[in-house]
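Residue numbering for the sequence shown follows this note's numbering, starting at 192 and increasing by one per position.
Warning: the hint list may mix true and false statements.
[Unchecked claim] Listed next, with one range per pair, are the computed distances between beta-carbon atoms:
1. E280 <-> Q210: 18 to 26 Å
2. L281 <-> S256: 20 to 28 Å
3. K273 <-> N196: 41 to 49 Å
4. E259 <-> Q223: 45 to 53 Å
5. A239 <-> E280: 15 to 23 Å
6. S193 <-> R237: 22 to 30 Å
Calculated directly from the structure, the hints in this document are not laboratory data.
The beta-carbon is built from N, C-alpha and C at its ideal position, and this holds for glycine as well.
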Amino acid sequence: MSYKNGKEVLPPHLLKELQKYIQGELIYVPKQTSQRAGWGEANGSRLALAKRNEEIYRLYREGQSFEELEQTYNLSMDSIRKIVYKTRELYSEVKQ
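Modelling step: build the complete structure from the supplied sequences, incorporating the hints.
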């Protein structure tokens, strides 16, 4: 995150209004809700996890056991089960 000097980026009337509330301190101005990216969307983490989960589900359908997937992906048995069951639900919803 980079900081901007309010004097350089804000119109004078808005700067004077802000100075009524805060002077010489840092302030964070959040993005508008409609412009905010969801978790992992900006850096690709969400997509990478989705691909990994699809791969786990595919391997499970091809016969790999939960134990084998646990070792391959270094995830707990519970995590593997959740991924398989959730992905199976997603695929069954798509087919309907």
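Results of checking the hints against the structure:
{"no.": "1", "hint": "E280 <-> Q210: 18 to 26 Å", "in the structure": "violated, 54 Å"}
{"no.": "2", "hint": "L281 <-> S256: 20 to 28 Å", "in the structure": "holds, 21 Å"}
{"no.": "3", "hint": "K273 <-> N196: 41 to 49 Å", "in the structure": "holds, 48 Å"}
{"no.": "4", "hint": "E259 <-> Q223: 45 to 53 Å", "in the structure": "holds, 46 Å"}
{"no.": "5", "hint": "A239 <-> E280: 15 to 23 Å", "in the structure": "holds, 21 Å"}
{"no.": "6", "hint": "S193 <-> R237: 22 to 30 Å", "in the structure": "holds, 25 Å"}
Hint compliance for this structure: hint 1 alone is broken.
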